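J.: Turn these sequences into a full structure, and let the hints guide you.
Residue numbers (numbering that gives the first Met the number 0), protein chains in the order written: chain A, 0 to 521; chain B, 0 to 437; chain C, 0 to 186.
Because the hints were derived from the structure by calculation, they are not lab data. Values in this document were obtained by computation on a predicted structure and should not be read as measured data. Hints may be right or wrong, so weigh each one.
As the list claims (entries may be wrong) - Below are the DSS-like pairs computed for lysine-lysine, each with C-alpha atoms no more than 27 Å apart in a straight line:
| hint | chain 1 | residue 1 | chain 2 | residue 2 |
| --- | --- | --- | --- | --- |
| 1 | B | Lys76 | B | Lys54 |
| 2 | B | Lys198 | A | Lys61 |
| 3 | C | Lys38 | B | Lys171 |
| 4 | B | Lys244 | B | Lys16 |
| 5 | C | Lys130 | B | Lys171 |
| 6 | C | Lys168 | B | Lys81 |
| 7 | B | Lys425 | B | Lys415 |
| 8 | B | Lys146 | C | Lys168 |
| 9 | A | Lys307 | A | Lys274 |
Said to hold, decoys possible - With beta-carbon atoms standing in for the labels, derived distance ranges:
| hint | chain 1 | residue 1 | chain 2 | residue 2 | range |
| --- | --- | --- | --- | --- | --- |
| 10 | C | Ser172 | B | Tyr149 | 31 to 37 Å |
| 11 | B | Pro199 | A | Ala492 | 54 to 60 Å |
| 12 | B | Gly78 | C | Arg37 | 39 to 45 Å |
| 13 | A | Lys208 | C | Arg37 | 39 to 45 Å |
| 14 | B | Asn229 | A | Lys4 | 47 to 53 Å |
Stated by the list, open to error - Computed, partial: chain C to chain B, Cβ under 7 Å:
| hint | residue |
| --- | --- |
| 15 | Thr46 |
| 16 | Pro49 |
| 17 | Met52 |
| 18 | Glu152 |
| 19 | Gly155 |
Note that CB positions come from ideal geometry on N, CA and C, so glycine has one too.
Take a look at the letters that make up each chain.
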Amino acid sequence: MADVKMVNLTIEGRPVSVPDGTSILEAAKAAGVLVPHYCYHPGLPVAGVCRMCLVEVEKAPKLAPSCATSVAEGQVVHVHSPKALEARKGVLEMLLINHPLDCPICDQAGECELQDYTYQEGRAEGRYRDPKRFNPVEDFGGDVVYVANRCILCTRCVRFMDDVAHDPVLSVAERGDRALIGKFEGQDLTHAWAGNVIDLCPVGALLSKDSLNKARAWELDRSASVCPNCSQGCNMIVETRDNQVMRLRPRPNEQVNKYFMCDHGRLNYRWMNRKDRVEVPLVRQAGVLATADWDVALRAAAGVLAGKRAFVLASPNLSNEALFLLGRLVRNTGGAGAFRVPQGDEAPLPGVEDLALRTDRAANGRGAEMMGFARSDAPLSGLQSGDVLVVADEELAELDAADAAKAGALIVIGTTLPAWARHAANVVLPIANFTEEEGTFTNLRGRVQRFLQAKAAPGIARPSFFVLGDLLSAMGDGSGYWTAGQTFDAMAASMPAFAGLTYDGLGLRGAMTAGAMAEVGA
Amino acid sequence: MGFPHSPHERETLVLSKYFGDKDAIGLEGWRKRGGYVALEKALKMTPAEIVGIVKESGLRGRGGAGFPTGVKWSFMKPGDGKPHYLCCNADESEPGTFKDREIMRWTPHALVEGCAIGAYAIGAEVAYIYIRGEYTEALEKMNAACKEAYAAGILGTNAMGTGKTVHVYVHKGAGAYICGEETALMNSLEGRRGNPRIKPPFPAVAGLFGQPTTINNVETLVAVPHILVNGAEWYKKFGRPDNPKSTGTKLFSVCGNIQKPGNYEVTLGFPFKDFLYDLCGGPLPGRQFRAIIPGGISVPIQTREEAENSPMDYEGFVANGTMLGSGGVIVIDDAQNLVKQIARAARFFAHESCAQCTQCREGTAWTTKILERIVAGDGTHEDLETLLEIGENMTGKTICVLSDSCATPVASGLQKFRGDFEALIKKKKVHMVPAAVA
Amino acid sequence: MSAAHNEMGEMHAPAHASHSGHGHAGEEVYVKVFTGTRKAELDELLTRYPTKMAALLPALWIVQEERGWVSSEGMAEVAELLDLTPAYVKGVVSFYTMYHQHPVGQHFIQVCTTSPCNVCGAEDVVNALLKHTGCEELGVTSPDGKYTVIEVECLGACGFNTPLMVNEKFIESVTPASVPALLASLG
Chain A
0 MADVKMVNLT IEGRPVSVPD GTSILEAAKA AGVLVPHYCY HPGLPVAGVC
50 RMCLVEVEKA PKLAPSCATS VAEGQVVHVH SPKALEARKG VLEMLLINHP
100 LDCPICDQAG ECELQDYTYQ EGRAEGRYRD PKRFNPVEDF GGDVVYVANR
150 CILCTRCVRF MDDVAHDPVL SVAERGDRAL IGKFEGQDLT HAWAGNVIDL
200 CPVGALLSKD SLNKARAWEL DRSASVCPNC SQGCNMIVET RDNQVMRLRP
250 RPNEQVNKYF MCDHGRLNYR WMNRKDRVEV PLVRQAGVLA TADWDVALRA
300 AAGVLAGKRA FVLASPNLSN EALFLLGRLV RNTGGAGAFR VPQGDEAPLP
350 GVEDLALRTD RAANGRGAEM MGFARSDAPL SGLQSGDVLV VADEELAELD
400 AADAAKAGAL IVIGTTLPAW ARHAANVVLP IANFTEEEGT FTNLRGRVQR
450 FLQAKAAPGI ARPSFFVLGD LLSAMGDGSG YWTAGQTFDA MAASMPAFAG
500 LTYDGLGLRG AMTAGAMAEV GA
Chain B
0 MGFPHSPHER ETLVLSKYFG DKDAIGLEGW RKRGGYVALE KALKMTPAEI
50 VGIVKESGLR GRGGAGFPTG VKWSFMKPGD GKPHYLCCNA DESEPGTFKD
100 REIMRWTPHA LVEGCAIGAY AIGAEVAYIY IRGEYTEALE KMNAACKEAY
150 AAGILGTNAM GTGKTVHVYV HKGAGAYICG EETALMNSLE GRRGNPRIKP
200 PFPAVAGLFG QPTTINNVET LVAVPHILVN GAEWYKKFGR PDNPKSTGTK
250 LFSVCGNIQK PGNYEVTLGF PFKDFLYDLC GGPLPGRQFR AIIPGGISVP
300 IQTREEAENS PMDYEGFVAN GTMLGSGGVI VIDDAQNLVK QIARAARFFA
350 HESCAQCTQC REGTAWTTKI LERIVAGDGT HEDLETLLEI GENMTGKTIC
400 VLSDSCATPV ASGLQKFRGD FEALIKKKKV HMVPAAVA
Chain C
0 MSAAHNEMGE MHAPAHASHS GHGHAGEEVY VKVFTGTRKA ELDELLTRYP
50 TKMAALLPAL WIVQEERGWV SSEGMAEVAE LLDLTPAYVK GVVSFYTMYH
100 QHPVGQHFIQ VCTTSPCNVC GAEDVVNALL KHTGCEELGV TSPDGKYTVI
150 EVECLGACGF NTPLMVNEKF IESVTPASVP ALLASLG
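T.: Next comes the structure, spelled out in structure tokens:
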């Protein structure tokens with residue numbers, strides 16, 4: 000970094016120093032000034048076409064497009080000068096003359112940059128008195144629908160498909176005010192990452208069919224999270240309405256997913272709203288599974304485990320914290336642990352290095368391995384006769400029931416109770432799913448990332464780390480971790496792989512484990 | 000020469016001497032008229048020597064911007080290890096301009112020669128002549144000329160036996176005014192939409208195929224052989240003695256409501272009044288000139304009085320509030336509905352906008368709608384203020400100047416002929432129902 | 000189901016049955032443009048440019064010369080030859096006004112009506128053409144399928160008003176009076 004030349008300039012009276020070659024727009028961001036813009040996006044090549052980011056640079060003859068103008072030493076930039084404001088007001092008016100102004104029925108309303116900047120800097124009233132242009136709505140295939148009348152031709156979608164997805168199925172067609180985004184008939188937005196054009200679209204022109212008309216932007220609650228649908232660990236936002244996950248969207252992380260998220264991850268959320276959840280602890284009494292309060296259930300589970308070897312079949316979608324405590328259960332009982340990872344096809348996003356929908360369709364396989372669990376396609380093969388089989392949120396649907404039958408007893412710690420286990424389980428301890436608790440996942444490159452709670456768990460189900468901490472206490476290993484943070488910090492203290500990491504220190508961008516740092520040579 | 004009319008004695012025929020002479024089209028006839036003597040001479044000179052002479056001659060770009068050609072060529076750094084390209088801009092599309100068409104129709108070898116010299120001077124082995132698709136005859140003549148030149152060993156990997164490589168290829172456009180903008184032309188040549196590019200980088204740094212490139216107009220390039228043969232001093236003496244910044248002869252295309260439309264070649268600085276009345280025969284019987292656009296439709300409109308005061312050179316037109324532009328003189332007389340013609344000009348730009356920049360895409364179409372509404376008798380006085388404000392928003396804020404070009408005739412028209420607009424508004428036929436807009 | 004629906008169903012069944020799953024009744028099988036001399040022509044063009052993409056406009060011209068217009072199949076064929084996507088090619092085709100995205104009349108007549116020609120009466124020439132071709136309206140092909148008349152922006156022959164193009168042929172100095180003779184000469 001030392002040999003990067005720094006350039007000093009003043010933006011809105013604020014001195015700022017940025018590396019040579021930085022755009023005025025990015026320099027302004029660094030100075031805490033947002034220059035309104037549409038076509039510019041940090042994850043895409045610069046187009047400079049919307050002309051919204053015009054700013055006044057002292058001594059320059061014309062207003063400068065701040066996205067396409069590099070900083071210069073001693074520059075004095077005015078973002079909110081009368082001249083710049085007037086120019087942007089002009090752009091906003093032009094963008095609206097053919098716009099249908101149908102915000103009340105538009106999905107983008109509330110998160111629309113055309114709306115926001117018009118309120119911020121636009122004219123109170125338009126002067127356009129002539130007929131508006133009309134183009135029909137078009138299904139672009141995949142999850143995308145194109146509402147041409149709202150399109151402002153910023154070309155972010157075209158540039159994404161071309162430069163990032165390397166699958167240029169979109170183009171600007173026609174010219175003049177007849178121009179619109181075109182797609183070749185029969186060639187749809189079926190690329191595994193095509194859904195990003197929906198987020199990239201600054202207005203309501205590209206919409207998700209999946210979330211069409213489901214909720215207004217202001218009705219959604221948002222939580223920072225990490226996508227659990229593969230081992231890449233894309234940072235995301237979980238959006239809920241009335242305790243239901245409505246939409247998943249990418250959350251920028253320069254180190255992991257830039258600004259993007261694949262369609263598989265984005266659309267695979269319905270399981271987070273499953274209605275067939277276990278809501279209360281269950282204990283088998285007189286051959287029948289009956290509801291019990293937590294104390295009774297935990298004691299019963301501890302009783303089943305007493306003096307026995309625990310064989311833990313763990314889900315690779317459990318948090319590091321849950322897996323750490325399950326690992327302790329294995330160690331305390333001299334048992335063993337295993338997991339299996341569902342597989343799918345890899346689908347890279349070619350324009351971003353090391354970003355793909357991974358073959359491992361679970362968030363925390365690497366975490367499970369680090370906690371000492373054995374990865375296997377036949378994870379029950381190590382189960383010994385007489386073991387207590389502890390199934391931690393793994394549905395076992397395709398596993399050999401005969402293997403499971405070797406177990407002396409069965410404890411289910413899960414979000415759901417699979418059909419086969421209703422007859423076999425001795426104790427069922429209901430836990431929150433990952434949107435209902437907080438914790439961390441370790442992605443395939445060894446990056447540890449936090450996810451936050453997005454909604455409430457059903458019934459009296461409790462967070463996984465909490466339930467497992469209580470179970471260990473009931474078995475005499477009374478460490479008493481009451482939060483995910485306490486659990487994580489204990490894990491970091493006892494496991495060299497996590498040395499140096501703290502829960503707070505991870506922040507919302509995550510951090511690499513020491514071992515992983517060595518792997519990448521950083 | 001005043002083609003298609005016979006030459007006028009006050010013209011200075013350098014570039015247009017053989018317009019209408021069928022025998023000048025083919026290679027044999029062209030050689031008899033002194034063709035390729037300049038190229039032979041040039042290939043024995045160093046590129047720097049050629050650039051020096053062109054710089055000294057004062058030749059300026061004839062496409063519209065008027066940038067000194069020799070200076071432009073000197074931006075091409077020799078020996079940078081990169082392929083260089085020359086693009087000849089033969090996408091003549093500026094309404095009112097049709098001079099390059101005649102050059103290519105009658106003297107195609109003059110352009111091949113100009114391109115070959117230009118390419119050699121800037122260190123390029125390849126020159127592309129980008130000709131608008133509508134110029135079918137020019138395309139045919141240029142293709143034939145290139146073929147002849149290759150067959151005669153003038154072009155190719157051993158140009159005129161010197162061992163030097165000079166390729167000249169004709170590239171056919173497909174209907175887009177904006178491709179006459181140099182960066183749009185490069186995009187079009189590369190097989191893209193003809194969208195102008197943001198500058199910097201300038202073409203001399205990263206142009207066609209990302210390589211150093213020079214773009215010159217047809218008329219500019221055909222002047223070069225004459226300068227090389229006759230010398231910079233010879234060329235410099237054409238022009239007003241009191242204005243050394245504009246030298247040489249210039250082709251002016253004249254059209255509209257005038258007795259003798261056509262192409263005229265005069266020395267820069269020629270009195271515009273004499274030009275209009277003496278050379279071009281003045282107005283049609285019983286009519287008077289009312290408005291004159293001297294440099295293609297993108298430049299400000301002049302009143303007759305303003306025009307009659309202008310010397311015909313870069314500085315002379317600027318001093319009278321307009322520009323020399325491409326040298327396309329459009330004459331509009333007192334029998335015309337001026338507002339309708341301004342509306343038609345706006346429609347041209349709306350049709351040709353590439354759609355990249357918001358102000359241009361939307362503004363050209365909006366301007367057209369308002370003007371057409373005024374012409375139809377549905378205008379209001381507020382419309383005139385709106386037009387001026389839209390024009391302001393369309394000026395100096397976009398990637399290229401198409402948007403500015405649309406605003407120019409509207410603003411200058413409103414400034415100089417506001418009465419015409421107001422008369423139409425006063426005769427207003429029906430009241431508009433205000434659209435439900437927020 | 001109504002009788003009408005039954006009838007429709009019966010009428011359609013044999014038509015579909017006669018096709019081996021390729022397209023609908025009446026659709027012709029696409030014959031490639033770039034074979035033989037046309038392919039050789041494209042190969043020669045490719046030697047002129049450092050990129051394949053640069054041959055796009057010339058390649059589209061070849062398609063239009065062969066077929067009279069540039070169909071979706073034509074765009075796809077060009078895209079494949081030049082390593083582009085059909086959507087990209089469509090974006091380029093639709094930018095340039097001279098490529099026809101639909102079939103046009105046998106004589107495609109483009110009349111310049113931009114300001115310089117407009118002040119000299121170009122609209123009268125357009126009206127005369129609409130009348131004598133039977134097209135009645137701009138952009139509509141005449142009932143006999145022979146003519147399509149459109150307005151075009153500046154043809155760059157402003158001193159020879161009114162200029163027009165009939166397909167690839169450039170005709171200068173057309174007046175309303177000369178229109179009938181002009182049409183007769185087209186055949």
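J.: Each hint needs a verdict: does it hold in this structure or not?
T.: Going down the list of hints, with the structure as the test:
1. B/Lys76 / B/Lys54: Holds, because 16 Å separates the two Cα atoms, which is no more than 27 Å.
2. B/Lys198 / A/Lys61: 13 Å, holds
3. C/Lys38 / B/Lys171: Holds, because 18 Å separates the two Cα atoms, which is no more than 27 Å.
4. B/Lys244 / B/Lys16: Holds, at roughly 25 Å.
5. C/Lys130 / B/Lys171: 33 Å, violated
6. C/Lys168 / B/Lys81: 40 Å, violated
7. B/Lys425 / B/Lys415: 18 Å, holds
8. B/Lys146 / C/Lys168: Roughly 22 Å separates the two Cα atoms, so the pair holds.
9. A/Lys307 / A/Lys274: Measuring from Cα to Cα gives roughly 34 Å; hence the hint is violated.
10. C/Ser172 / B/Tyr149: 31 to 37 Å: 35 Å, holds
11. B/Pro199 / A/Ala492: 54 to 60 Å: 55 Å, holds
12. B/Gly78 / C/Arg37: 39 to 45 Å: 41 Å, holds
13. A/Lys208 / C/Arg37: 39 to 45 Å: Taking Cβ atoms as reference, A/Lys208 and C/Arg37 lie about 42 Å apart, which means the hint holds.
14. B/Asn229 / A/Lys4: 47 to 53 Å: At 50 Å between Cβs, range holds.
15. Thr46: Interface hint status for C/Thr46: violated (10 Å vs cutoff 7 Å).
16. Pro49: 5 Å, holds
17. Met52: Interface hint status for C/Met52: holds (4 Å vs cutoff 7 Å).
18. Glu152: 5 Å, holds
19. Gly155: 5 Å, holds
Violated hints for the displayed structure, listed by number in ascending order: 5, 6, 9 and 15.
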